[in-house]
Amino acid sequence: MAKKLQVQEDVSPNLIPMIDIMFLLLLFFMLGADMGQRELEEVMLPKALAVKEDKEVKGQKSDRLTVNIYHRYEKEVPCQAFANHEVCRDDKHWRVGIKGKDYTDSDKLLAMLKKEADGFRTDPKNPKFSERGLMIRADASAPYGLVQRLVNTCAKAGIYKVECGAARPPDKDLADTKKG
Amino acid sequence: MAGSQNIGESSDNPVAINVTAMVDVIFCLCIFFMCSFHFKQLEGKIDTWLPKDRGIFQGAINNDLVKDEVRVIMRWTPPAKDSQKNGREAGGTVRKVAQNNPVGSDEELVRDILQIADGYNRVGNTSWPLVIDATAEVPWQDVVHVMDLCKRNKIERIEFAAPSVPIQ
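These protein sequence lines map, in sequence, to chains A and B.
Heads up: the first sequence at position 34 corresponds to 34 in the working numbering, and the numbers run straight through without jumps.
Heads up: the second sequence at position 8 corresponds to 8 in the working numbering, and the numbers run straight through without jumps.
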């Protein structure tokens with residue numbers, strides 16, 4: 001009887017191109033991730049066309065404080081209005097955050113702002129006023145009352161240089177606006 | 001047989017490295033970064049100031065202040081419950097400039113602002129501020145929209161009405 005010839009072929013896929021692509025993907029996501037920005041909470045900023053590019057000199061001590069006004073997470077407080085991108089007027093749903101800490105309590109916020117402002121009271125004629133800048137990053141769905149409260153607290157602390165965070169609409173929207 | 005083998009096959013490399021573990025780790029890392037990744041929106045800023053010596057005057061405006069500022073007053077009107085029945089217009093932000101009548105569009109608002117601004121400029125007062133005086137219910141987006149309109153019309157000095165702090 002003739003023996004059947006059995007050929008065992010070693011099928012091993014070449015993994016090298018896949019590893020290369022995986023490395024590239026990994027590099028892209030690693031570089032794109034912004035891990036270090038604990039100062040900025042996730043906020044849907046109001047849209048504005050006339051926004052100035054926010055350039056902060058790296059390595060220099062910033063003289064600006066960023067205050068985030070953001071809605072509490074959906075899991076914590078389900079909010080129909082916020083989910084529909086409408087204005088949520090329930091004060092309990094909103095938080096004021098600075099450097100990752102909660103400062104919703106007005107007294108706590110005032111104490112913090114005063115402490116921050118004290119190091120920048122450079123004008124001996126007007127010791128009430130501080131040169132400390134402040135950036136308000138408030139959600140577009142927030143009522144102005146929250147910003148107003150913050151602004152009032154700033155006034156009490158002597159901070160008067162205020163910047164408002166806004167997002168530039170995508171180029172497509174920009175073109176539509178210009179046509180209109 | 002050596003002649004029947006392709007370039008890059010395992011026989012070329014006598015010390016084979018098992019890359020499976022590395023691929024697994026890269027996969028895990030990739031999944032982690034993909035899940036945590038979000039596209040950053042282009043953020044910018046609009047410069048504003050708090051007035052040192054002007055307070056909040058919703059409605060009744062101090063006549064002395066009207067002489068050297070442009071005050072945009074914004075208030076929120078809630079939607080009427082029976083708006084669908086009687087055809088009344090839905091709620092929204094009512095805007096007016098100083099003691100003028102409420103405006104209906106952005107163009108009218110800018111026209112009113114520039115009209116008052118022209119009056120100041122004609123008498124040589126070019127350092128007038130535009131003060132935004134809004135009620136608590138007004139959406140922040142609407143306030144930023146007014147600021148945006150002003151910046152687009154080269155009005156640089158925008159201030160928020162804040163409690164009056166007298167200058168020492």
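Quick caveat, the hints were computed from the structure, so don't treat them as lab data.
Each residue gets a CB set at the ideal place from its N, CA and C atoms; glycine is no exception.
Just to be clear, a hint being listed does not mean it is correct.
What the hints assert, rightly or not - Label-pair ranges, simulated between beta-carbon atoms:
id: 1; chain 1: B; residue 1: Q115; chain 2: A; residue 2: E42; range: 15 to 25 Å
id: 2; chain 1: A; residue 1: E53; chain 2: B; residue 2: F37; range: 18 to 28 Å
id: 3; chain 1: A; residue 1: D118; chain 2: B; residue 2: N101; range: 19 to 29 Å
id: 4; chain 1: A; residue 1: K114; chain 2: B; residue 2: M22; range: 45 to 55 Å
id: 5; chain 1: A; residue 1: P127; chain 2: B; residue 2: V94; range: 12 to 22 Å
id: 6; chain 1: A; residue 1: R64; chain 2: B; residue 2: I31; range: 30 to 40 Å
id: 7; chain 1: B; residue 1: V15; chain 2: A; residue 2: D102; range: 50 to 60 Å
Right, here's what the structure says about each hint:
no., hint, result
1, B:Q115 x A:E42: 15 to 25 Å, "violated, 41 Å"
2, A:E53 x B:F37: 18 to 28 Å, "holds, 23 Å"
3, A:D118 x B:N101: 19 to 29 Å, "violated, 45 Å"
4, A:K114 x B:M22: 45 to 55 Å, "holds, 54 Å"
5, A:P127 x B:V94: 12 to 22 Å, "violated, 40 Å"
6, A:R64 x B:I31: 30 to 40 Å, "holds, 36 Å"
7, B:V15 x A:D102: 50 to 60 Å, "holds, 56 Å"
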